[in-house]
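Student: Keeping their order, the protein sequence lines are chains A and B.
Per our numbering, the first sequence runs over residues 1 to 158.
Per our numbering, the second sequence runs over residues 1 to 183.
No wet-lab data here; the hints were simulated from the structure.
Don't take each hint at face value.
[Said to hold, decoys possible] In silico DSBU-like pairs for lysine-lysine, Cα to Cα no more than 35 Å straight-line:
1) B:K57 x B:K90
2) B:K90 x A:K10
3) B:K5 x A:K10
4) B:K57 x B:K5
5) A:K74 x B:K57
[Claimed, not checked] Restraint-style ranges between C-beta atoms, simulated for each label pair:
6) B:V157 x A:L94: 20 to 28 Å
7) B:R77 x A:S114: 47 to 55 Å
8) A:L25 x B:R27: 37 to 45 Å
9) B:R8 x A:S61: 23 to 31 Å
10) B:G17 x A:M116: 54 to 62 Å
11) A:S37 x B:R27: 28 to 36 Å
Every residue gets a Cβ at the ideal spot worked out from N, C-alpha and C, and that includes glycine.
Spelled out, the chains give:
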Amino acid sequence: MKMRCKKARKNISLAMDERLVADALEKLHVHLRGCPSCQNWNREQLWLRDQINTAEMIQPSPGFYAQLQNKINKASARPRLLSFGPAAWRPALLRAAMLMVLIFSALLGFFLGSRMDAPAAETAAAVFDQTMNLNAYADMPADSFGAVYDRLLQGELQ
Amino acid sequence: MIGEKSDRELLEQAAAGDQAAFAMLVRRHQIRVLNLAYRFSRDRQDAEDLAQEVFLKVWRHARSFKGQAAFSTWLYRLAVNTCLNYRQRKKSRPKSLPLTADLESRAEAAAEGLEARQRQDLLGRAMAALPARQKMALILAGFEGKSYEEIAAVMEVSVPAVESLLFRARRNLAATLRPLKKR
């Protein structure tokens with residue numbers, strides 16, 4: 001299968017770093033033989049690599065270490081703001097803070113949830129009455145629990 | 001003898017406050033760190049400041065080095081992050097960005113033969129125009145000769161991401177410098 005130029009150029013980049021396996025390298029050579037545009041690209045990349053490789057190296061200035069030492073001394077002398085003691089405590093403090101956020105979020109969720117689910121007072125009363133079946137005895141005199149109980153015991157009610 | 005100690009041993013001693021061990025560690029790695037910073041910043045003074053910032057971080061965080069990665073990987077990671085942060089801090093990319101027209105005019109002016117120094121200057125300017133991570137990948141692969149796996153470890157990305165960064169860096173660099181090739 002014929003290699004596309006885009007793929008060939010990616011492979012040129014890999015080949016320059018010796019990252020291309022033999023089979024892919026052979027395919028790249030085949031492509032290059034028939035593609036002047038990619039040949040040009042290849043020459044450009046080799047030229048760039050040569051330029052990069054010949055870049056000058058610099059040496060540290062004579063005062064390099066003294067300046068570094070100075071910076072270290074300054075950094076050591078500077079009082080640390082928001083210091084919480086040994087660094088070992090910081091992960092524990094972070095975890096504690098995260099736990100507090102979680103607990104707060106859970107409590108807030110319960111609070112908001114309970115407010116949203118709370119029934120209206122009339123509904124609650126009606127449900128309570130229905131549960132206790134108080135309406136069944138509503139037309140009876142003195143329909144208190146005690147009276148109903150007494151009358152049930154006496155067999156007056158079924 | 002201190003000179004024969006490994007980086008890790010020196011770092012452990014530095015973590016315990018041994019300044020001689022720290023000085024040895026700095027001497028051993030200062031040229032690499034300095035030149036990495038220099039390739040990135042293209043400014044000698046900035047490079048020294050960056051390299052000092054890297055070693056200051058080494059001093060501060062010596063105790064937190066767990067030895068899971070090689071010392072050199074850890075050091076390079078500190079250096080790379082310091083350089084990338086410097087780029088963000090400075091936000092000077094447009095300032096050093098060589099316009100293609102500028103490069104073309106320089107290329108034409110030097111059509112009779114561009115000096116190596118000028119070529120390096122133009123290369124540096126073209127590199128300064130690259131996005132920071134592409135530029136860093138190219139520096140690590142080109143100047144430093146790091147493998148893709150090492151670059152991935154230092155830049156905390158995957159190997160395919162390194163391949164992609166390098167390809168895009170080379171493509172962009174070639175596009176910026178193409179006028180020079182027309183001479």
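Student: Hints first: check each against the structure and report whether it holds.
Tutor: Here's how the hints hold up against the structure:
1. In summary, the hint linking B:K57 to B:K90 is supported, as the alpha carbons are separated by about 19 Å, within the 35 Å threshold.
2. For a cut-off of 35 Å, the pair hint linking B:K90 to A:K10 stands: about 32 Å separates their Cα positions.
3. A distance of roughly 42 Å separates the Cα atoms of B:K5 and A:K10; the hinted pair therefore is violated under the 35 Å criterion.
4. Taking the CA atoms of B:K57 and B:K5, the gap is near 21 Å; set against the 35 Å cutoff, the hint holds.
5. Of the pairs offered as hints, the one joining A:K74 and B:K57 holds, with about 13 Å between alpha carbons and a cut-off of 35 Å not exceeded.
6. Checked against the hint of 20 to 28 Å, the C-beta distance between B:V157 and A:L94 comes to roughly 26 Å, which is consistent with it.
7. Distance hint check: the CB atoms of B:R77 and A:S114 are about 50 Å apart, consistent with the given range 47 to 55 Å.
8. The supplied range of 37 to 45 Å is met by A:L25 and B:R27, whose beta-carbon atoms lie about 41 Å from each other.
9. At roughly 28 Å, the beta carbons of B:R8 and A:S61 sit within the given window of 23 to 31 Å.
10. Between B:G17 and A:M116, the C-beta spacing of about 60 Å keeps the proposed range 54 to 62 Å intact.
11. Between A:S37 and B:R27 the Cβ separation comes to about 49 Å, which falls outside the hinted range of 28 to 36 Å.
Of the numbered hints given earlier, the model fails hints 3, 11; all others are met.
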